Amino acid sequence: MSQTPALEVKNLTKKIKGKQIIKGVSFTLVPGEVFGFLGPNGAGKTTTIRMIVGLISPTSGTIKIGGKNVRTEFTEAMRHLGCIVENPELYPYLTGWENLIHFQKMDSSIPKTRLNEVIELVGLQNRIHDRVSTYSLGMRQRLGIAQALLGKPKVLILDEPTNGLDPAGIREMREFIRQLAREENLSVLVSSHLLSEIQLMCDRVAIISKGTVLRTDSVDNLLAEQERVIWRAEPIKVAKEILSMETEVTEGPDHTLITLYNEPLLPDWNEKLVKAGVRVKEMRTQLPSLEDLFLEVTGGESID
Amino acid sequence: MINLVRNEMLKLLRKKRLYVIILIIAFLVPLFTYAQFKEIQDQREKMGNQDWRTTLQQEITDTQNRLSSSRIQDEWRKFLKIRLSQQQYYLENDIDPRAPGAPTFMRIFVENSIDLLLPLLVMVIVADLVSSESSGGTIKLLLTRPVKRWRILLSKYLAMLLSISFIVLSVAVLSYGISGVVFGYGGWNMPLLTGFTVSGDELLTENVHIVPQWQYILMEFGLVWYVCMIVGTLTFMLSVLLRSTAAVMGIMLASLIAGAILANMVSSWESAKYFFMVNLNLTNYVSGMATPIEGMSLGFSMSVLAVWGIAGFIIAFVTFSKRDIY
Chain P
103 MSQTPALEVK NLTKKIKGKQ IIKGVSFTLV PGEVFGFLGP NGAGKTTTIR
153 MIVGLISPTS GTIKIGGKNV RTEFTEAMRH LGCIVENPEL YPYLTGWENL
203 IHFQKMDSSI PKTRLNEVIE LVGLQNRIHD RVSTYSLGMR QRLGIAQALL
253 GKPKVLILDE PTNGLDPAGI REMREFIRQL AREENLSVLV SSHLLSEIQL
303 MCDRVAIISK GTVLRTDSVD NLLAEQERVI WRAEPIKVAK EILSMETEVT
353 EGPDHTLITL YNEPLLPDWN EKLVKAGVRV KEMRTQLPSL EDLFLEVTGG
403 ESID
Chain A
125 MINLVRNEML KLLRKKRLYV IILIIAFLVP LFTYAQFKEI QDQREKMGNQ
175 DWRTTLQQEI TDTQNRLSSS RIQDEWRKFL KIRLSQQQYY LENDIDPRAP
225 GAPTFMRIFV ENSIDLLLPL LVMVIVADLV SSESSGGTIK LLLTRPVKRW
275 RILLSKYLAM LLSISFIVLS VAVLSYGISG VVFGYGGWNM PLLTGFTVSG
325 DELLTENVHI VPQWQYILME FGLVWYVCMI VGTLTFMLSV LLRSTAAVMG
375 IMLASLIAGA ILANMVSSWE SAKYFFMVNL NLTNYVSGMA TPIEGMSLGF
425 SMSVLAVWGI AGFIIAFVTF SKRDIY
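Protein sequences appear in the order of chains P and A.
For what it's worth, this note's numbering labels the leading residue of the first sequence as 103, then goes sequentially.
For what it's worth, this note's numbering labels the leading residue of the second sequence as 125, then goes sequentially.
Check the hints yourself; a few may be wrong.
Restraint-style ranges between C-beta atoms, simulated for each label pair [as the list claims (entries may be wrong)]: (1) Ala382(A) x Ser162(P): 38 to 48 Å; (2) Ala370(A) x Asp232(P): 28 to 38 Å; (3) Ile438(A) x Ser162(P): 21 to 31 Å; (4) His333(A) x Ser235(P): 54 to 64 Å; (5) Met125(A) x Asp232(P): 22 to 32 Å; (6) Ala370(A) x Ser235(P): 12 to 22 Å; (7) Thr177(P) x Ala435(A): 21 to 31 Å; (8) Met125(A) x Gln281(P): 30 to 40 Å; (9) Ser210(P) x Phe290(A): 19 to 29 Å.
Distance condition first, Cα-Cα at most 30 Å in a straight line; then the derived BS3-like pairs of lysine-lysine [unchecked claim]: (10) Lys119(P) x Lys272(A); (11) Lys254(P) x Lys112(P); (12) Lys214(P) x Lys272(A); (13) Lys312(P) x Lys170(P); (14) Lys342(P) x Lys377(P); (15) Lys119(P) x Lys446(A); (16) Lys446(A) x Lys207(P); (17) Lys121(P) x Lys272(A); (18) Lys112(P) x Lys272(A); (19) Lys272(A) x Lys117(P); (20) Lys214(P) x Lys139(A); (21) Lys139(A) x Lys446(A); (22) Lys140(A) x Lys214(P); (23) Lys446(A) x Lys312(P); (24) Lys312(P) x Lys119(P); (25) Lys254(P) x Lys446(A); (26) Lys125(P) x Lys272(A); (27) Lys170(P) x Lys446(A); (28) Lys125(P) x Lys170(P); (29) Lys112(P) x Lys446(A); (30) Lys446(A) x Lys272(A); (31) Lys117(P) x Lys312(P); (32) Lys254(P) x Lys272(A); (33) Lys170(P) x Lys112(P); (34) Lys254(P) x Lys170(P); (35) Lys139(A) x Lys272(A); (36) Lys312(P) x Lys125(P); (37) Lys117(P) x Lys446(A); (38) Lys207(P) x Lys140(A); (39) Lys446(A) x Lys125(P).
The hints are simulated quantities; they were obtained by calculation from the structure and are not laboratory data.
Quick caveat: nothing in here was measured; it's all calculated off a predicted structure.
Cβ atoms here follow ideal geometry from the backbone N, Cα and C, with glycine treated the same way.
Chain P on its own, in the form it takes in the complex (with noise of 0.2 Å):
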């Protein structure tokens, strides 16, 4: 793709009291990608992002938001900024519309109309004049994705978007980020530690763990790669021996073994086996989960 990144990170580093904390972050959004960025409790998710939106200054390296420096032309690159920086923190004693208002204000170019638009879009219009003190959890997410749309931007950020959701809220907000990719040629930022969610959200996603980038890549082509063949054959035994000739074997649950996914190996490996007289009762193919993934990528670091 030939178009200007909608976001652009390159060697973000940051250093606190002599302590690496990110070391050399490089990525980049094209527009209307849903990007993800994974990683374990103190990976440095937060710490990037808030680099990102210009609440910590970078130790070295550059962000550009719509080819916009953020240290060196902030006001310019902020236009095309929308963000919810973890939770969306509003003031609680102002009415909803009061929050937009207050924010409306502080960008001459969005005009008021805006505010009906966006309210519509998250489908607040009920409550809208209700204090923000009333709002449920899910009601507030939403004006703070209101409030992030305000400004009609090219980058949305949100750092953990499904937090304290219920199963319904997941899938609503699931399904509204996709929307705005695929309708308004949004790139969309969701940072999570749930891998679940981000398998089920994002085209690509970076892994990060301990400040550094572990792997970017599409979310289709990581699980590709590491696609798996069960076996259910007997006697088990016999038909291990044969299959670990071929190729690495390890044993499942139930009974079952696993071997890497070869397309065009596999009907001779199987043959091999009908051969030697071991009954295959079932051969399948299976994506593994983003967890095995990343347990694998950082090499068995937990995650919650």
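Starting from the structure of chain P, add chain A where the hints point.
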């Protein structure tokens, strides 16, 4: 910028702090009015049934007698003459100098509240101006807008300036309005003496002159506003530096009270005069009360306060625009 200041004013109003302050003043003023009223009654009782005009006439005769004596110094003679004209004005215009009108009450009220009560009220407004955004997390939304940080802080500072002016104004209006019910609303032109200076143990009277009360009050309110702005700026700085509003209040409260205590016991510790909190009593210079430490004057105190204020302002803006927000 106007929009930003409006935002800040909206938040201040919604937090209802200003109402609380007005309520506090509206509660205290009748209290003090009653106290003042009691005091006047007490004085009258002591003087018996004698008419105040007779007492004043006696005082005038007394002053005249002293003036006619040839042995007094020129300077003292000048002062006595001014006193005399003041007393004669009271008599001619039928003003009882011991029965104050609302303007006098106003004046006494601000003179007594300049070093503690008003700074406390200012503190209530200013203490959480920035720290509440940090502790509530809304600062993250505030600082990710296409607005530079110093502009956001400046809008908060201007909102503070407006609310302090509002507090000072409402003190004036409420103290005048409420006390006037008891004391009457007249007395704006009553002559008052000002221009005393203190040198060593001596009260110098060479610059003493008479000003009408309205001018005197205007002067004092100007000083009160100035003191409130400095206290406000320092509280504002603490509010930027600390996340906890309680800590801001604690530090400010401690230093204000320390100032009140210090003022009574530091006469021999000369360098203590560079603390901001012993310099808050600016109205004392107008009325000619002794200063807590030798060598303090209105100009000196105002400059000390200005230095503290400017330093606080710079520290607040520099840290706010550079700070990492976690």
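Now the hints, each set against the structure:
For the pair Ala382(A) and Ser162(P), the beta carbons lie near 45 Å from each other, so the given range of 38 to 48 Å is met. Between Ala370(A) and Asp232(P) the CB atoms are about 29 Å apart, so this pair conforms to the stated range of 28 to 38 Å. In this structure the hint that Ile438(A) and Ser162(P) lie 21 to 31 Å apart at CB holds, the actual value being about 28 Å. Distance hint check: the CB atoms of His333(A) and Ser235(P) are about 58 Å apart, consistent with the given range 54 to 64 Å.
Evaluation of the 22 to 32 Å hint for Met125(A) and Asp232(P) yields a pass: the beta carbon distance comes to about 30 Å. A hinted range of 12 to 22 Å for the beta carbons of Ala370(A) and Ser235(P) is consistent with their spacing of about 21 Å. A hinted range of 21 to 31 Å holds for the C-beta pair Thr177(P) and Ala435(A), which are about 29 Å apart. In this structure the hint that Met125(A) and Gln281(P) lie 30 to 40 Å apart at CB holds, the actual value being about 37 Å.
In this structure, Ser210(P) and Phe290(A) meet the distance hint of 19 to 29 Å, their C-beta atoms being roughly 27 Å apart. Proposed proximity of Lys119(P) and Lys272(A) is supported: the alpha carbons are some 26 Å apart, at most 30 Å. For the proposed pair Lys254(P) and Lys112(P), the alpha carbon gap of about 25 Å is at most 30 Å, so the pair holds. A C-alpha spacing of about 22 Å is found between Lys214(P) and Lys272(A), which places the hinted pair at or below 30 Å, so the restraint holds.
The straight-line distance between the Cα atoms of Lys312(P) and Lys170(P) is roughly 28 Å, inside the 30 Å bound, and the hint therefore holds. Simply put, Lys342(P) and Lys377(P) have alpha-carbon atoms about 14 Å apart, close enough for the 30 Å limit, and the pair holds. Using a Cα cut-off of 30 Å, the hinted pair Lys119(P) and Lys446(A) holds, with the two alpha carbons roughly 16 Å apart. For the given pair, Lys446(A) sits about 24 Å from Lys207(P) by alpha-carbon distance, which is consistent with the 30 Å threshold.
For the hint linking Lys121(P) to Lys272(A), the alpha-carbon distance of about 29 Å falls within 30 Å, and the restraint holds. At most 30 Å may separate the alpha-carbon atoms for a hinted pair to count; Lys112(P) and Lys272(A) meet this at roughly 23 Å. Note on Lys272(A) and Lys117(P): the hinted pairing holds, with a Cα-Cα distance of about 24 Å set against a maximum of 30 Å. For the given pair, Lys214(P) sits about 24 Å from Lys139(A) by alpha-carbon distance, which is consistent with the 30 Å threshold.
Between Lys139(A) and Lys446(A) the CA atoms are separated by roughly 28 Å; this keeps the pair inside 30 Å, and the hint holds. Note on Lys140(A) and Lys214(P): the hinted pairing holds, with a Cα-Cα distance of about 26 Å set against a maximum of 30 Å. Proposed proximity of Lys446(A) and Lys312(P) is supported: the alpha carbons are some 26 Å apart, at most 30 Å. Distance restraint check for Lys312(P) and Lys119(P): the Cα-Cα separation of roughly 16 Å lies within the 30 Å cut-off, and the hinted pair is therefore satisfied.
Straight-line distance between C-alpha atoms of Lys254(P) and Lys446(A) comes to about 28 Å, which keeps the hinted pair within the 30 Å bound. For the given pair, Lys125(P) sits about 28 Å from Lys272(A) by alpha-carbon distance, which is consistent with the 30 Å threshold. Distance restraint check for Lys170(P) and Lys446(A): the Cα-Cα separation of roughly 20 Å lies within the 30 Å cut-off, and the hinted pair is therefore satisfied. Taken as a hint, the Lys125(P) and Lys170(P) pair is honoured in the structure, with Cα atoms around 23 Å apart against an allowance of 30 Å.
For the given pair, Lys112(P) sits about 22 Å from Lys446(A) by alpha-carbon distance, which is consistent with the 30 Å threshold. For the hint linking Lys446(A) to Lys272(A), the alpha-carbon distance of about 11 Å falls within 30 Å, and the restraint holds. For a cut-off of 30 Å, the pair hint linking Lys117(P) to Lys312(P) stands: about 13 Å separates their Cα positions. Straight-line distance between C-alpha atoms of Lys254(P) and Lys272(A) comes to about 19 Å, which keeps the hinted pair within the 30 Å bound.
About 13 Å separates the Cα atoms of Lys170(P) and Lys112(P), which keeps this hinted pair within 30 Å; it holds. Proximity of Lys254(P) to Lys170(P) is assessed by CA-CA distance (about 16 Å); at most 30 Å being required, the pair is judged to hold. About 25 Å separates the Cα atoms of Lys139(A) and Lys272(A), which keeps this hinted pair within 30 Å; it holds. Taken as a hint, the Lys312(P) and Lys125(P) pair is honoured in the structure, with Cα atoms around 8 Å apart against an allowance of 30 Å.
Taken as a hint, the Lys117(P) and Lys446(A) pair is honoured in the structure, with Cα atoms around 15 Å apart against an allowance of 30 Å. Between Lys207(P) and Lys140(A), the direct Cα distance comes to roughly 22 Å. Compliance with the 30 Å bound is thereby established for this hinted pair. Among the hinted pairs, Lys446(A) with Lys125(P) is consistent with the structure: their alpha-carbon atoms are about 22 Å apart, no more than 30 Å.
Of the hints listed earlier, there is not a single one the structure fails to meet.
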